[in-house]
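**Student:** So the protein sequences, as listed, match chains W and Y.
The numbering used here numbers the first residue of the first sequence as 961 and each following residue consecutively.
The numbering used here numbers the first residue of the second sequence as 27 and each following residue consecutively.
Please note that a few of the clues may not be correct.
To be verified - Now the in silico label distances, taken between C-beta atoms and shown as ranges:
1) 68(Y) - 980(W): 41 to 47 Å
2) 1039(W) - 99(Y): 38 to 44 Å
3) 1000(W) - 38(Y): 17 to 23 Å
4) 85(Y) - 1024(W): 38 to 44 Å
5) 978(W) - 43(Y): 47 to 53 Å
6) 71(Y) - 970(W): 17 to 23 Å
7) 46(Y) - 967(W): 36 to 42 Å
8) 972(W) - 52(Y): 35 to 41 Å
Unchecked claim - Derived BS3-like pairs (lysine-lysine); straight-line CA-CA distance at most 30 Å:
9) 1059(W) - 1028(W)
10) 1009(W) - 1059(W)
11) 1028(W) - 1018(W)
12) 1018(W) - 105(Y)
13) 1059(W) - 1018(W)
14) 105(Y) - 1029(W)
15) 1059(W) - 1029(W)
16) 1028(W) - 1009(W)
17) 1009(W) - 1029(W)
18) 106(Y) - 1059(W)
19) 1059(W) - 1002(W)
20) 1028(W) - 105(Y)
No wet-lab data here; the hints were simulated from the structure.
Glycine included, C-beta positions come from ideal geometry on N, C-alpha and C.
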Amino acid sequence: AQSVTQLDSHVSVSEGTPVLLRCNYSSSYSPSLFWYVQHPNKGLQLLLKYTSAATLVKGINGFEAEFKKSETSFHLTKPSAHMSDAAEYFCVISGGYNKLIFGAGTRLAVHP
Amino acid sequence: SQTIHQWPATLVQPVGSPLSLECTVEGTSNPNLYWYRQAAGRGLQLLFYSVGIGQISSEVPQNLSASRPQDRQFILSSKKLLLSDSGFYLCAWRPLEHTQYFGPGTRLTVL
């Protein structure tokens, strides 16, 4: 069975400081992994995806994630947080029929 | 370009009333379609997926049902809503590659 675990339910950073949102996964085969962002009362937007190509994946809005098989991790990072980054972030793994299995989410707060 | 629509955007319904949420996709044919629910403060749970007209797979037993009467139309229904059906319902579709794109969602409140 496949699963993802987001290690922090809430992360708070100051504007201009780095962002780290942690995600570990469990999969019996090489997974496809994603990060989605959800702004309040909005649908989900794909930030980036990993599908067995380069292990360092660059996404939109300056976000990137690194797939580390030895650590079964897919952490999301950004060098400098912006106020507009405040949202909920979901780490996601793709299952059979491309069904997506979502982590519980990490709420990112950005303070001035 | 492809676009996914959902309506209504918000809905308040009494317990025991019926439900019909609609999702349509433009600009593609024979997409895989998905219904997810997000309960307050929780992640998304896959409810149904469809790989073609009339083909529906249910992921969890529940008070809801889904139908796909047309290639690009996916409907989520209930005959009698429960309080626990409240949540944010998202429709998604899958293009050829390993990606799903989500609609804007419907926020359902059952009172």
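**Student:** Against each hint, give a clear statement of whether it holds in the structure.
**Tutor:** Here is what the structure says about each hint:
A hinted range of 41 to 47 Å is violated for the C-beta pair residue 68(Y) and residue 980(W), which are about 23 Å apart. Separation of residue 1039(W) from residue 99(Y) is about 43 Å and conforms to the stated range, judged on CB atoms against 38 to 44 Å. A hinted range of 17 to 23 Å holds for the C-beta pair residue 1000(W) and residue 38(Y), which are about 19 Å apart. A beta carbon spacing of about 31 Å between residue 85(Y) and residue 1024(W) contradicts the range 38 to 44 Å that was offered as a hint.
As the Cβ distance of residue 978(W) to residue 43(Y) is approximately 48 Å, the hint placing it in 47 to 53 Å holds. Separation of residue 71(Y) from residue 970(W) is about 21 Å and conforms to the stated range, judged on CB atoms against 17 to 23 Å. Here the CB-CB span from residue 46(Y) to residue 967(W) is close to 39 Å, well matched to the stated 36 to 42 Å. In this structure the hint that residue 972(W) and residue 52(Y) lie 35 to 41 Å apart at CB holds, the actual value being about 39 Å.
For the given pair, residue 1059(W) sits about 22 Å from residue 1028(W) by alpha-carbon distance, which is consistent with the 30 Å threshold. For the hint linking residue 1009(W) to residue 1059(W), the alpha-carbon distance of about 15 Å falls within 30 Å, and the restraint holds. A C-alpha spacing of about 15 Å is found between residue 1028(W) and residue 1018(W), which places the hinted pair at or below 30 Å, so the restraint holds. A C-alpha spacing of about 45 Å is found between residue 1018(W) and residue 105(Y), which places the hinted pair above 30 Å, so the restraint is violated.
Note on residue 1059(W) and residue 1018(W): the hinted pairing holds, with a Cα-Cα distance of about 23 Å set against a maximum of 30 Å. Taking the CA atoms of residue 105(Y) and residue 1029(W), the gap is near 46 Å; set against the 30 Å cutoff, the hint is violated. Note on residue 1059(W) and residue 1029(W): the hinted pairing holds, with a Cα-Cα distance of about 21 Å set against a maximum of 30 Å. With a C-alpha separation of about 14 Å, the suggested pair residue 1028(W) and residue 1009(W) falls inside the 30 Å cut-off, and the hint holds.
Simply put, residue 1009(W) and residue 1029(W) have alpha-carbon atoms about 15 Å apart, close enough for the 30 Å limit, and the pair holds. A hinted pair counts as satisfied when its Cα atoms are at most 30 Å apart, and residue 106(Y) with residue 1059(W) qualifies at roughly 27 Å. This hinted pair checks out: residue 1059(W) and residue 1002(W) have alpha carbons roughly 21 Å apart, not beyond 30 Å. Note on residue 1028(W) and residue 105(Y): the hinted pairing is violated, with a Cα-Cα distance of about 46 Å set against a maximum of 30 Å.
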